[in-house]
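Could you build the full structure based on these sequences and the hints that come with them?
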Amino acid sequence: MTAANATAIDPEAVPIAEDLFTWPAEEPALIGGKASDGSVVFPYRASRLVAGKREELEKIELPRRGALWTFTSQVFRPTSPPYAGEDDAKSFQPYTVGYVELPGGLRIEGRLTEPDPEKLTIGQEMEVVVLPFAHDAEGKQTVTYAFRPVDGTPAPKQTKEQAR
Amino acid sequence: MSTSGDIAIIGVGLHPFGRYDGKSALQMGEDAVIEALGDAGVSWDKVDTLWASSMEVKNPEAITGLLGLTGIPARSTFTGCASGGNTLAQAANSLRLGDANVAVAVGLDKHPRGAFSDHPSVSGLPDWYGDLGLFLTTHFFGMKITRYIHDFGISHETLARVASKAFGNGSRNPHAWRNKPLSVEEVLASPVLNWPLRQYMYCGPDEGAAAAVLVRAEDANKYTDTPIYLRASTLFSRRDGAFELLSPSLPSTGEQSPTVYASKAAYEQAGIGPEDVDVIQLQDTDAGSEVIHMAENGFCADGDQEKLIAEGATEIGGSMPVNTDGGLLANGEPVGASGLRQIYEIANQLRGRCGERQLDDPKVGYAHLYGAPGTAAVTILSV
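Quick mapping for you: the protein sequence lines, in order, are chains A and B.
Sequence positions in the first sequence follow my numbering and run 1 to 164.
Sequence positions in the second sequence follow my numbering and run 1001 to 1383.
Some hints could be false.
Lysine-lysine pairs mimicking DSBU-like chemistry, simulated, CA-CA at most 30 Å apart [claimed, not checked]: (1) B/K1264 / B/K1144; (2) A/K119 / A/K59; (3) B/K1023 / B/K1058; (4) B/K1144 / A/K119; (5) A/K90 / B/K1144; (6) B/K1144 / B/K1023; (7) A/K34 / B/K1058; (8) B/K1307 / A/K119; (9) B/K1023 / B/K1180; (10) B/K1046 / B/K1058; (11) B/K1222 / B/K1307; (12) A/K90 / A/K119.
Honestly, the hints are just simulated from the structure, not real lab data.
All values derive from a computational prediction rather than experimental measurement.
As structure tokens, this is what we get:
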């Protein structure tokens, strides 16, 4: 999952999990769960306790851009499982992770497309993108969300929106 | 200092932390308990309750099989890295309830080599969180100090000074696992693992055990002339919006870490403030954590660490000595035992038994733990 292979999304690709982000979509958005008191959780779940009562949550699309709140790097391949990247200790490429604060105040954790932590700055604008990740049990390509710096470069080409 | 604590520690024991091929966690726990009983002058058959904690051993209370099967209530409790403080507190509570007259608290562990790993579901997290390589506690430590550096101007040199101080203290501690002094330059030359944290700024999982023997304060003088009183013990879990380990999202409420709550409640229980503390143990999973925990535990304002650490305030002989035995950085972290290692060091400092690293007549000690899933514990001890 790097910026380099960002454009190689298979038309048959499936999201790494259901209800994580809108897909297929030209402008994919993360999916949250909104309660009657206005609070939002990510990832979406069907219900939770709100002010002492179990409540069904409304599925909403979260804002696509926000500000980088913090970040770090991962320089060696994480223990697998649970890590499911299709690399090995030799082909592994270091990556970064961070939190992006969305308008409305929710901070979301995710992988970042810029692998060099020294090129990241707290406060910089980030945008949700969808990138290839691995393959599922049936051999279909899986795609995941990540955050890319909005630095004047165009977003990787996403699929055209179509009926799900 | 008044001796108002209702519970007294009358003996402590340690199986040094490190790597011991062929020796089980329970065997290490046995050594620690036997040392603590010897220190207390209590025979095992007088112990009438036991609390044990371990991450790797499912039933650490099975240590009674090594110590002697006397039929006493033997229980285990585990609250992640905060286990040591909690185990001590449960043993104290058994005494307060009148369930027991002599209690043993023991922590023991033996971790496989390498970083901790598990399935995300055990932490209530979805599979994709593990698939993507987000299920790593170390990311939290890197991200928390990255934000802290941004907000409060801490330098990478300060992080290296914390690590260098830990290994320096370790070199003065015959029990330490990492006992080779490392200079600030050597720490800064080690590879980055999770930006900005470098290899020598992290503690490693290892093996070991620590134990304490407790009685009610009114009984303490029957056993020892140098009881150490339990003045406070608190434990808090995370609140919504606090920045904690392994969180796919959090609302930006500005909520504080559970450490802040555990610390305030502990000072209140003990009736003292941070200025009264002479010897400090802080959870130093990494050098950044120690820096942040100095402020979260009330020992300084956010950002003041830069100056305090450069001046040597946290070193042995400084105004607020932190992790005099080398902390987690020099001893590693057998999770179930780590908190009782802090108690071992503080009890020995308060009793003047720390040799080369002994402080000048300390009266009050403070021990802080923090770990997954966002749990903090604080223990305050005094002579």
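Quick rundown of the hints versus the structure:
1. B/K1264 / B/K1144: holds (21 Å)
2. A/K119 / A/K59: Between A/K119 and A/K59 the Cα gap is close to 34 Å, so the pair fails against 30 Å, i.e. violated.
3. B/K1023 / B/K1058: holds (17 Å)
4. B/K1144 / A/K119: holds (18 Å)
5. A/K90 / B/K1144: Holds: A/K90 and B/K1144 sit about 29 Å apart, inside 30 Å.
6. B/K1144 / B/K1023: Status violated; Cα separation ~36 Å.
7. A/K34 / B/K1058: violated (39 Å)
8. B/K1307 / A/K119: holds (28 Å)
9. B/K1023 / B/K1180: This hinted pair holds, its Cα atoms lying about 24 Å apart.
10. B/K1046 / B/K1058: holds (26 Å)
11. B/K1222 / B/K1307: violated (46 Å)
12. A/K90 / A/K119: Given that 30 Å is the threshold and the Cα spacing comes to 24 Å, the pair holds.
Going down the numbered hints, you'll see the structure goes against 2, 6, 7, 11, while the others check out.
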